[in-house]
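> The chain contents come next:
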Amino acid sequence: MISSVPLSVSFTVLFAATGCYSLLRWASLRAGVARHHGDQVAELSHVVMNVAMIAMVWAWSGPTGNAAQIVVFTVLSGYFVSRLPLWRRPGPRRRSSCPAPGLHLLMSASMVWMVAAMPLLTGGTATDSGGGMVMDGMTTGGGGSASHDPGAPAPGWAVAVTLALSVALVFAAVFWMRRALATPAHTGLPALAGLPALAGLPGHAELPAHAGLPAHAGLPALAELPALAGLRAHAELPVFVGTGAADAADAGDGCDAALPGRSAGPAGRAANPLLAALTPRADAVCHLAMSLGMAAMCLLML
Amino acid sequence: MPDGTVSSTVSSTWSGTGLAPGLLTEPTGSDDLGLIETSLPTGTTPRAWWWRELRPLLLRVHFYAGLFVGPFLLVSALTGLMYTAAPRLEQLVHHDQLHVTVPAGAAELPLSQQITAAGAAVPEGSISEIRPPIGPDGTTRVVFNAPGLPDGYFRTAFVDPYTAQVRDTLTTYGQWLPVRAWFDELHRTLFLGNVGRVYSELSASWLWVLTLSGLVIWMARRRSTRRLRRLLTPRVHGTGRGRLRSWHGAVGLWAAVGLLFLSATGLTWSQFAGNNVDTLRGALQWTTPSVHTTISASVPPALPKGAVLAEQAERALAVARTHGLTDPVRIAPPTKPGRAWGVIQVKRSWPEKQDSMAIDPATGTVVDQLRFADWPLAAKLARWGVDAHMGLLFGLPSQIALTALAIGLICMIIWGYRMWWLRRPARLTPGDPPAPLPAAAPRSAAALGSAAALGSAAAPGSAAGPGRARRSGFGAVALLGAVAIGVGLFLPVFGGSLLLFLLVDAVRTQRDASAFR
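Residue numbers (this note's numbering), protein chains in the order written: chain A, 430 to 731; chain B, 2 to 518.
Be careful, since some hints might not be right.
[Stated by the list, open to error] Some chain A residues near chain B, calculated using beta-carbon distances under 7 Å:
| id | residue |
| --- | --- |
| 1 | L452 |
| 2 | A456 |
| 3 | S457 |
| 4 | V462 |
| 5 | Q469 |
| 6 | L473 |
[What the hints assert, rightly or not] One-sided excerpt, in silico: chain B residues whose CB lies under 8 Å from chain A:
| id | residue |
| --- | --- |
| 7 | S473 |
| 8 | G474 |
| 9 | F475 |
| 10 | V478 |
| 11 | A479 |
| 12 | G482 |
| 13 | A483 |
| 14 | I486 |
| 15 | G497 |
| 16 | L500 |
| 17 | L503 |
| 18 | L504 |
| 19 | A507 |
| 20 | V508 |
| 21 | T510 |
| 22 | Q511 |
No wet-lab data here; the hints were simulated from the structure. We treat Cβ as the ideally placed atom computed from N, Cα and C, and that holds for glycine.
Chain A on its own, in the form it takes in the complex (with noise of 0.2 Å):
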């Protein structure tokens, strides 16, 4: 637990904020409704990151507790590792996997580090009892494999270890907030809105994430579809569609790139206040805040 309580509010917040973000782009996702694409696992895992991390603030978490986290982080961070080859493919595996995977990989170890080397950093011991303990202005939830003296300062590796995963996160951070000024607030196709085979589309179109089309479908072939012209007021439409907006994504890191004509036009906007809010942007904006309070909570640790 952190000894001032404004700060543990902020954190609190911060990571409330991030985690229920993320909980809206799982959902986009799981629901097919995403307009930009992403990764399940990667919302997923920053949600428990998010529920994670406030456990910590408080000093939540027990013994049994922090032996999960560390495994679950662990599996998470394999996950991440083994998405790195994919990331670095061009076409569409790229742009429907993890965005930045190396970044996530960087915050899931920064989790494990963080719950296994508490108590280290912290200089208490491991307990049994499930209570926190309170050290250098921190009390942590008690477990892990260290023992250590209580009071005695944290060993030199593990301060720079912590160190440098801070820096790192802070690096991350970086990177996030230059994506999200490079990121237009609402990413999309405007050229679509204007296009004659998606003009008659009702204002509660849904697009999925996943449709089985191929990526670069030729756009004339979809507005040439007969059964288009029969959509009803709630169809779900799959408009997957070969665009400069895509060609752009497979040229650049292609994860976050809008689905074409996902956000496209006022109709896709008019569909749901929270999901036109899920831009790429403010993915970024998202996993910037994140990448600063893990830092933030690193050092406070020393």
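Use these hints to put chain B onto chain A, whose structure you have.
Quick look at chain B alone, frame taken from chain A:
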């Protein structure tokens, strides 16, 4: 809508374009069975938007939770079924330890004499409590803490109150004799210690989810069928999944209250959720009250031993009886110097007797007393709940009810798996043409389409499982996700297992979606 009705808006776009047909339709109705979604016939009023969004999610939660938690629930139900027989079995197996032949004209010997005899039989033990006989043919139980026993276990001497002879000594778990203790341990932990407790917590954590989701799905059928009889009674005639689902749903409806009760009370015993329940009860002052045993004496009396302890126990019991505390009781010696004896009623069948008194044996005064009638309502409910879960509250009727619940749950699990087997997975590879709709078990074209579109790699309507025919709504997923986080924090095993399900589901969905590109 009869089973055979399917949407007709689909197939024209299936081949050639690569479009997923299910995504071009809006399956808003349900088939006769309630799970395969099909288009509504002309003139049918569409259901509320929130239900259209929520229903697929509930179906999938019920399906997946049932599929993966089913084995744990089955073990819980089977061991619980065995446990319901334990009280009767205990009386049979341990008849000699529990009962004596009452000699003609004989009177019970002083309790102190019986305690002394028991102490001689368990010389290494220290007395934990004494339970005088409940009836004239009962034995006196003297319970000892003994070295080498696991937590919660004691060494109990059974003493003939007429002869002060020790009939037997047994290792007991609380007040349970070995037979019931064995079934209890089996039901709680499968003899795997704390690791095994996770299994029962997993069952209890998901039972209420399965019950509520199943209840909502089944109750919602009334709107479509508008036939109460079909809701409440299973179909006797017919074959296949329709009949199975009818039995599954109707039995589940009747058993729902009991299953929710078992889940709630089971969670109070669990390892992780139980701690949270205890914390919550403490915060809300719902804890079970107890008498104050501190004696305000200038020189605190030392802990009694041997003959002194036996005499004090007898005196404490006499004082308690004088003050109206009737049998059955247990007498607990002081645990620290300066503390009083406790005499506590232990009748756990209706009407319960749970009054207690703290008695100073030196002066024969009642230090404190607590009537069950004065317990907070929440504490009373907890007591009744625990005793009902164990089949003690109403004796044989509650044991019969629990037996029926356990059998019902076992049947529902088996029917559930049978239904899943009937629509068992058959793999397709990307690029395979869709299989024709089987005549015997027609599927929704919407299910067919979206199963492929969602990348289930499934045969039409098969591997996808119920609810996959239509995507869950964003609002429904977000809302249930938020609720799941809150519940998952309070019920950690539920939260952990749910996270595991979601991660597996996410990986599978994305893998399949990639495979179909």
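> Evaluate each hint against the coordinates.
Hint-by-hint comparison with the structure:
Given the 7 Å rule on beta carbons, the hint for L452(A) holds: about 5 Å separates it from the nearest Cβ of chain B. The beta carbon of A456(A) comes within 4 Å of a beta carbon in chain B, closer than 7 Å, and the hint placing it at the interface holds. The criterion of a C-beta within 7 Å of any C-beta in chain B is met by S457(A), whose closest approach is roughly 6 Å, and the hint holds. For V462(A), the suggested interface contact is upheld, since its CB lies about 5 Å from the closest CB of chain B, less than 7 Å.
Proximity of Q469(A) to chain B holds as hinted, the smallest CB-CB distance being about 3 Å (cut-off 7 Å). Interface hint at L473(A): satisfied, since its Cβ lies 6 Å from the closest Cβ of chain B, which is below the 7 Å cut-off. Here the hint on S473(B) is kept, as its CB sits about 6 Å from the closest CB of chain A, short of 8 Å. With a least beta-carbon distance of about 6 Å to chain A, the hint placing G474(B) at the interface is held under the 8 Å criterion.
This hint holds: F475(B) has a C-beta 4 Å from the nearest C-beta of chain A, less than the 8 Å allowed. Hint status for V478(B): holds, given a least beta-carbon distance of 4 Å to chain A, under 8 Å. Residue-level restraint check for A479(B) holds (minimum Cβ-Cβ distance to chain A is 4 Å; threshold 8 Å). For G482(B), the interface hint holds, the least distance from its beta-carbon to any beta-carbon of chain A being 5 Å, beneath 8 Å.
Proximity of A483(B) to chain A holds as hinted, the smallest CB-CB distance being about 6 Å (cut-off 8 Å). Interface hint at I486(B): satisfied, since its Cβ lies 6 Å from the closest Cβ of chain A, which is below the 8 Å cut-off. Interface restraint check: G497(B) against chain A, minimum CB-CB distance 6 Å, threshold 8 Å, status holds. Hint on L500(B) holds. Least Cβ distance to chain A is approximately 6 Å, under the 8 Å limit.
Satisfaction of the interface hint for L503(B) is found here, the shortest Cβ-Cβ separation to chain A being roughly 6 Å, below the 8 Å cut-off. Checking L504(B) against chain A: minimum C-beta separation of about 6 Å stays under 8 Å; hint holds. For A507(B), the suggested interface contact is upheld, since its CB lies about 3 Å from the closest CB of chain A, less than 8 Å. For the restraint placing V508(B) at the interface with chain A, the shortest Cβ-Cβ distance is roughly 6 Å, inside the 8 Å limit, so the hint holds.
For T510(B), the shortest C-beta to C-beta distance to chain A is roughly 7 Å, which falls under 8 Å, so the interface hint holds. With its C-beta approaching chain A no nearer than about 6 Å, Q511(B) sits inside the 8 Å limit, and its interface hint holds.
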